[in-house]
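Generate coordinates for the entire structure from the input sequences, incorporating the hints supplied.
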Amino acid sequence: SQQGEEDPQALSIQEGENATMNCSYKTSINNLQWYRQNSGRGLVHLILIRSNEREKHSGRLRVTLDTSKKSSSLLITASRAADTASYFCATDQAGTALIFGKGTTLSVSS
Amino acid sequence: KAGVTQTPRYLIKTRGQQVTLSCSPISGHRSVSWYQQTPGQGLQFLFEYFSETQRNKGNFPGRFSGRQFSNSRSEMNVSTLELGDSALYLCASSLVAPNYNEQFFGPGTRLTVL
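As they're listed, the protein sequences go chains E and Y. Just so it is clear: in the first sequence, position 64 is 64 by this note's numbering, and no numbers are missing. Just so it is clear: in the second sequence, position 59 is 1059 by this note's numbering, and no numbers are missing.
By construction, these hints were calculated from the structure, which means they are not laboratory data. There could be a bad hint or two in this list.
What the hints assert, rightly or not - Cβ-to-Cβ under 8 Å is the rule here; a few derived chain E residues that face chain Y:
| no. | residue |
| --- | --- |
| 1 | Asn30 |
| 2 | Gly40 |
| 3 | Lys102 |
What the hints assert, rightly or not - Heads up, simulated SDA-like pairs for lysine to any residue below, C-alpha to C-alpha not over 25 Å straight-line:
| no. | chain 1 | residue 1 | chain 2 | residue 2 |
| --- | --- | --- | --- | --- |
| 4 | E | Lys102 | Y | Asn1059 |
| 5 | E | Lys102 | Y | Pro1061 |
| 6 | E | Lys56 | Y | Gly1040 |
| 7 | E | Lys69 | Y | Gly1042 |
| 8 | E | Lys102 | E | Leu61 |
| 9 | E | Lys102 | Y | Lys1001 |
| 10 | E | Lys102 | Y | Gln1041 |
| 11 | Y | Lys1057 | E | Ser51 |
| 12 | Y | Lys1001 | E | Ile47 |
| 13 | E | Lys69 | E | Gly42 |
| 14 | E | Lys70 | Y | Gln1044 |
| 15 | E | Lys102 | Y | Phe1064 |
| 16 | E | Lys102 | Y | Thr1038 |
| 17 | E | Lys69 | E | Gln9 |
| 18 | E | Lys26 | Y | Gln1041 |
| 19 | E | Lys102 | Y | Gly1042 |
| 20 | E | Lys56 | Y | Tyr1100 |
| 21 | Y | Lys1001 | E | Arg36 |
| 22 | E | Lys102 | Y | Gly1058 |
| 23 | Y | Lys1057 | E | Thr96 |
| 24 | E | Lys69 | E | Ser39 |
| 25 | E | Lys102 | Y | Phe1104 |
| 26 | E | Lys70 | E | Asn52 |
| 27 | E | Lys70 | Y | Tyr1100 |
| 28 | Y | Lys1013 | E | Ser39 |
| 29 | E | Lys102 | Y | Gly1040 |
| 30 | E | Lys70 | Y | Gly1058 |
| 31 | Y | Lys1057 | E | Gly42 |
| 32 | Y | Lys1057 | E | Arg41 |
| 33 | E | Lys26 | Y | Gly1040 |
| 34 | E | Lys26 | E | Arg54 |
| 35 | E | Lys102 | Y | Gly1028 |
| 36 | E | Lys102 | Y | Arg1055 |
| 37 | E | Lys70 | E | Ser39 |
| 38 | Y | Lys1001 | E | Gly40 |
| 39 | E | Lys56 | Y | Phe1104 |
| 40 | Y | Lys1057 | E | Asn18 |
Backbone N, C-alpha and C define an ideal beta-carbon position, used for all residues, glycine too.
This is the structure we're talking about:
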């Protein structure tokens, strides 16, 4: 079964607004990653947060991790049309493999 | 550095045939992972190779196989193709392990099975 489950499945916002996506998982993890995919192309790594970290920033991205709730959130501030994409969280199992959720499709309109 | 390359980019096959997809990782990366992406199932992990050894395997039938060469290049093979195998197949490489290092994805191979 897939480890990460994103919520919401789809999100539509206006340029300049903030977008928040959530990810929940079922078993303990070492790390959690967020990736972006533009329309049927390869994924691009956004950020990696380790299980002993609670929050991480990268540019307009802010990721939080709550291991007690087995959840993570990705916040994109001041969204742009170019942020339109699908966003996936990925978690590791006991081994090194990454398991992806089904993603949140973000649409940013100008 | 050149990115992850996958060949071919598009492929059309018929049921029962077999197919081989190729992936060249970023130079210096030793871990290569393969994923199948479909609209219904999303991104599903197929397998991961490190130093020519399969380190992890997803929940796919034995028709799906792969290998990694000494130069870290990887191939995956699907035998006896079924209609449901139509998907975007993505390859990703990472320095040592996909869960500890970021993965770099190739553009994918779009496989259509008729």
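Checklist entry - Within a Cα-Cα threshold of 25 Å, do lysine 102 of chain E and threonine 1038 of chain Y meet the stated pairing? => result Holds. Lysine 102 of chain E to threonine 1038 of chain Y sits at ~10 Å (cutoff 25 Å).
Checklist entry - Is it true that the CA of lysine 1057 of chain Y sits at most 25 Å from the CA of serine 51 of chain E? => result Between lysine 1057 of chain Y and serine 51 of chain E the Cα gap is close to 23 Å, so the pair holds against 25 Å.
Checklist entry - Is it true that the CA of lysine 102 of chain E sits at most 25 Å from the CA of glycine 1042 of chain Y? => result Holds, because 5 Å separates the two Cα atoms, which is no more than 25 Å.
Checklist entry - Taking 25 Å as the top limit, are the C-alpha atoms of lysine 26 of chain E and glycine 1040 of chain Y close enough? => result Distance of about 21 Å is within 25 Å: holds.
Checklist entry - For the pair supplied as a hint, lysine 56 of chain E and glycine 1040 of chain Y, is the alpha-carbon distance within the 25 Å limit? => result violated, 31 Å
Checklist entry - lysine 102 of chain E and leucine 61 of chain E: Cα distance at most 25 Å? => result Status holds; Cα separation ~20 Å.
Checklist entry - Hey, lysine 1057 of chain Y versus glycine 42 of chain E, does the alpha-carbon distance stay inside 25 Å? => result holds, 21 Å
Checklist entry - Once the shortest beta carbon distance from asparagine 30 of chain E to chain Y is found, is it less than 8 Å? => result With a minimum Cβ separation of about 6 Å from chain Y (threshold 8 Å), the hint on asparagine 30 of chain E holds.
Checklist entry - Hey, lysine 102 of chain E versus lysine 1001 of chain Y, does the alpha-carbon distance stay inside 25 Å? => result violated, 30 Å
Checklist entry - lysine 26 of chain E and arginine 54 of chain E: Cα distance at most 25 Å? => result Holds, at about 18 Å.
Checklist entry - If you draw a straight line from the CA of lysine 102 of chain E to the CA of glycine 1040 of chain Y, is it 25 Å or shorter? => result holds, 9 Å
Checklist entry - Hey, lysine 102 of chain E versus phenylalanine 1104 of chain Y, does the alpha-carbon distance stay inside 25 Å? => result Within the cut-off at roughly 19 Å; holds.
Going down the numbered hints, you'll see the structure goes against 6, 9, 13, 24, 35, 37, 40, while the others check out.
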